[in-house]
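Protein chains in written order, with the numbering used here: chain Y, 1 to 369; chain G, 370 to 601; chain L, 602 to 1158.
Each hint should be verified, as a subset may be incorrect.
Below, a list of computed lysine-lysine pairs in the DSS-like style, where the Cα atoms sit at most 30 Å apart [stated by the list, open to error]: (1) G/K501 to L/K717; (2) L/K1030 to Y/K245; (3) Y/K247 to G/K582; (4) Y/K179 to Y/K150; (5) Y/K211 to Y/K148.
Don't read these hints as lab results, they were simulated from the structure.
Computed from a prediction, not measured in an experiment: that's the story for all the values here.
Okay, here's what each chain looks like letter by letter:
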Amino acid sequence: MLDVGRHPMIDILAYSELESVEGESSSFKATIRKKSRYVNASICNACGDCVAKCPVKVKNEFDMNFGVRKAIYQYFPQGIPSIMTIDGTKCLKITQNKCGICSKACVKGAIDYEMKDETVEIEVASIIIATGFDMLPVSHLTQYGYGKIKNVITGLEYERLINATGPTEGHLYRPSDKKLAHKVAYLQCIGSRDQNNCAYCSSVCCMYSIKDAMLAKEHDSEAEGYIFHTDFRNVGKWFQNYEKKGKNDYDIKYIRGRAAEITEDADNNPIVFYEDTKTQEIRQLTVDLVVLATATIPSKGFQELARKLRIETGKDGFVQTNSRLPVSTSRKGIFACGFCIAPADIPESVAQGAAAAGLAAQIALSRAG
Amino acid sequence: MQYATNVRIIRVMCGGRVDLEMIFSAFLNGADGVFIGTCLKGECHYTSGNLQAEARIIFAKHILKYTGLTEKRVKLSMMSSAESGKFVSSVSDFIETIIAEGKLPDDANTQRKLHAAYRAVMGEKIRWLAGKKTEFETDGNLYGEKFTPHEINRLFREVAQDEVLTQEIILLLENSPLTIKELAEITNIPPRRAVRQIANMLRLGIVRQDGSKDNAPAFTAGNNKRLIEVIR
Amino acid sequence: MEETRIGVFVCKCGTNIAGFLDVSDIAEYSSTLPDVVFTKVNLFTCSEAGISEIKNAIVQHNLNRVVVSACTPRTHEPTFRAACQEAGLNPFLFEFVNIREHVSWVHKNDREKGTKKARDLIRMGVARAALLEPKEFIEVPVLNEAIIIGGGVAGLSSAVSLAKRGFKVHLVERSNKLGGRLLDLNIIQPEMTSAKGIIEDILHEAENLPLINIYKGYKPVDLKGCIGAYKMIVENSKKETKEIDSGVIILASGTRMLDPSPYYGYNGRNIITQYELEKLLSNEDLEINNNVVMIQCVGSRNSENVFCGKICCMEAIKNSILLKERDDRIDVYIIYRDIQALGHENERLLRKAKNLGVRFIHYSAEKPPEVTKDAVKIYSDILNREFNIPYSLAVLATPQIPHSDAQELSRILKVPTDENNFFLEAHMKLRPIDFATDGIFICGSARWPCTVNEAIYQAEACAARASIPLGNGKVKVEPINSLLDEDICRGCGLCVSLCPYKAIELVNTDKGKKAKIIIAACKGCGVCGSTCYRHAITMSHYKDEQLLAQIEACFKE
Ligand SMILES: Cc1cc2nc3c(=O)[nH]c(=O)nc-3n(C[C@H](O)[C@H](O)[C@H](O)COP(=O)(O)OP(=O)(O)OC[C@H]3O[C@@H](n4cnc5c(N)ncnc54)[C@H](O)[C@@H]3O)c2cc1C
Ligand code: SF4
Ligand code: SF4
Ligand code: SF4
Ligand code: SF4
Ligand code: SF4
């Protein structure tokens, strides 16, 4: 990321959205709206003096709402470009013309409450889509109790909790009572491979659940992990070794079966009901925390973007690519890579990224002569 | 994210750059502990430099133990560049350990042993073996025998002890001729061990007999040009 | 010798540093250090004003070393190096001391000790700076031609891509025909298109590109050189050799099929592999009467081949669909451990097979099926019952495995393989198609079993990565590399075997065997220098004496 940030040939338009694209391959004209940050990007160096003084606290979406941030904030600490942004919907100065403290706190004078959105038009030879994914919201799958039972969280929320730089510094404090969760159930295929939700396999969850359970064990030797899976899909490079390691060295229990329902006991401990495939009996397991491997879907607003770009999407809403050149879309000069084509893990996405970059550069270079 | 102010950081390209010489030079200069941070296993930015650092640390630990200091004074910790929390907790633990151990003793005995240790790690044998560790573990030695981590550890311990003792004896004998009994007393080893060591060293020509004291043969340092040459 | 004149710049970073440390004390102390002739406190050293202060001081005070004590080198080292250069000072005579991330930010509550730590770090930095040496970036010319090993779908795709960009390609294919595995396959899932169609399209493109030179029947036997200037010897079965020069190499040598004969009474007649079924199915008038039983994970996911064949489940599903579509009366059973139908298209095919009436029976590794003369006996742990399924054709899903000569190829190209003998990329997640050695890339099933789609985008990715040095015609190497003292080296080869980038080779000289550093390949990790038992190697810009000076200065208040 840092390399991208300081590369002289890369111009980053962060906090911006594509409005429209005209023209054709080798001479597209893209209209982009740069949303106002209310902070002058060429002055701010993310020292954080303003953040320290801002009185408004809001939930931190980067930390999956576990922590809090201020109305003036940096989306995450290693973010590029390294500058502050004022959340115009929360800032007291912008919403109510009060406060204004951060403008005084900033000795460099980077704050500008009057700043407006700006529209820029750029000419490009080719376009790459790499919009990734979002997670399927799962509160409507009432059997899992997400949103009702406090100690049922999603895989993405878990990632923030277990992350050493996250809101709990890597300790698995469960939401209900902030106590350390030892016994954790990981439920696979939540909304995935499910005709009524996402008919497809999200591809990355089996592997990341093993990783999650291993991480828990590394943080806490008393951790117990239970992974409830259907087909256990670990086909990538060395994934089988990883699966074995999880079982043998980390003592993770792999249980074949879809969990049917989750309830909770008086102490907010989730109870997982599942069918023991060996005996066909319905059994139950009481745990401290449940992690749902929720389905991955094309990212929010992607269908609209696809319309603006006039590219085809397939049945499940992912980019339709061409089988001869798997990173090219239905429109010449527009390429795609990563999760927006289909669920993909990091190495797959990286390789596709390089492929798309090569093809896109080819058009740009032949235009330049 | 805060931690105690006791560490001084030196930047190197990779953990694999940290030479045993640097570690013992730090102790000789007065460091109470040495901490080495590397990438995680399998994620080394330079592919495998962290494994080389790890091999050297095994030696460093055995040597420290042998010199009567604790092996806790050197620590290698693997972490990713995103794990600032791990860095802080690992360094903080280390600082606590070192504070509990106290300052490095600066009596002549410890200093001589550290000096011997410094010479030992500058010498060929320890460096050679540290470099061979990964090969011994995966492909085996010259005869195709693979080493388990346990066997490596034992081998490294024995070599570390032997090399430091050799250097310590040379240091002592460079000052004045001594008998085996005197050597055993000063270096705090059993007399039988001293006999064996001196016999070996005689055979290699790094010590020679030089008169006698109290009817016992006394020894002095031999012509150690080659040994000293590499030490600068 | 020129007098050492060091300038020290202490940054306040607004309040980020000045808020927690006594910056003026630090600056004052710095001015007392040996060789320091100029000291300056900046509000923001990285700002326009700060930069010009550095440049002016270099000129006015005739500085020949610059130390900036500010933040992390990760963000601003290039900025300050450039400033030095613009003022006529070699950029490698610049030293960065981090008193923000390493001091002010992490010791916010102890101004006094924090300030002392900053003083110590600057003293160490100054000691190192005094010993720095000017360095120039090293440029290595790159021949704009590529060698591609393997003429399967992966190798051909990257050949076409590179040739279209105007680079000459030497495609080395061991067999006598191009096309690889796809020549033997029938229909390709998930698109369900003809394998021959795909490969013929690409072959057609390749044959019409005059920049592609094809060496059929040849394989590599020797390789010399490094990125920019490789020299490869290839040989055919008559032991005739050719020499090819290139700037980069792409490895796309594919796989072979596991020998099925030890498994389930394989006989090649009514107990065959999926691979053989492909051939049968491409025959229009193949007669199959009643039951076909497919057994998954044959010879894979066991103790000897730990890995999953990755494509065999989808292959079975694909073939079961083809069978059902051909004749609905055929009963098809797939006996599996886990069905690997990842992604959106595969899951749809799985559902289609189920809808067509293909039956799936799960087994666990502990209780594998038994194949008798006329039936497959299988215990389903999900249904908790045993089945005895008569078959007219039993089909074994055996995995693709690395070529038997993978080790040899690995030795010739000096690239590593993993424990399964698949080729090993530089980084499992972030550099999937690069080898650690610059200039060699890997794609297709030689890296890991993959689908045609994956083979093609990996090939495109290799072509993209390779295009960078080919297009630039040169590579620029940071002059942080190893330096050998040939007189001290004994040619033991320890450093050669440990260098992660194969940047050292042994050469015969008149003084006997000696190590030789390939500067273009060296990344400056320092492993060789810190390992050499003879102390024959040190690192430029991280020399022993520079680092030792820092250590010494640490304790010399
Ligand atoms: C039975 C079966 C069914 C499959 N079905 C499907 C499917 O339905 N859908 C799908 O997407 N994928 C399928 N695949 C996978 C697909 O075949 C592979 O992804 C693809 O062929 C990989 O291409 P490649 O170029 O990497 O390797 P290959 O096609 O194996 O080509 C490698 C080439 O390199 C040559 N070579 C090897 N060693 C050397 C050397 N030392 N020097 C020079 N040349 C050398 C070989 O002769 C060969 O021509 C199937 C695979 C199998 C085995
Ligand atoms: S105006 Fe007030 S609330 Fe808004 S960002 Fe500044 S300090 Fe925060
Ligand atoms: S150089 Fe670094 S420490 Fe100084 S102002 Fe810039 S960011 Fe802050
Ligand atoms: S792809 Fe399917 S049949 Fe092949 S090894 Fe993996 S699980 Fe077994
Ligand atoms: S390890 Fe040292 S002595 Fe051995 S070959 Fe390398 S440089 Fe020469
Ligand atoms: S410094 Fe590292 S990359 Fe360079 S030759 Fe030595 S071991 Fe190889």
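Hints, one by one, checked against the model:
1. Taken as a hint, the G/K501 and L/K717 pair is broken in the structure, with Cα atoms around 41 Å apart against an allowance of 30 Å.
2. Distance hint between L/K1030 and Y/K245 is fulfilled; the C-alpha atoms sit about 19 Å from each other, no more than 30 Å.
3. Simply put, Y/K247 and G/K582 have alpha-carbon atoms about 67 Å apart, too far for the 30 Å limit, and the pair is violated.
4. Using a Cα cut-off of 30 Å, the hinted pair Y/K179 and Y/K150 holds, with the two alpha carbons roughly 13 Å apart.
5. The hinted pair formed by Y/K211 and Y/K148 meets the criterion: a straight-line CA distance of about 26 Å does not exceed 30 Å.
Hint compliance for this structure: hints 1, 3 are broken, all remaining hints hold.
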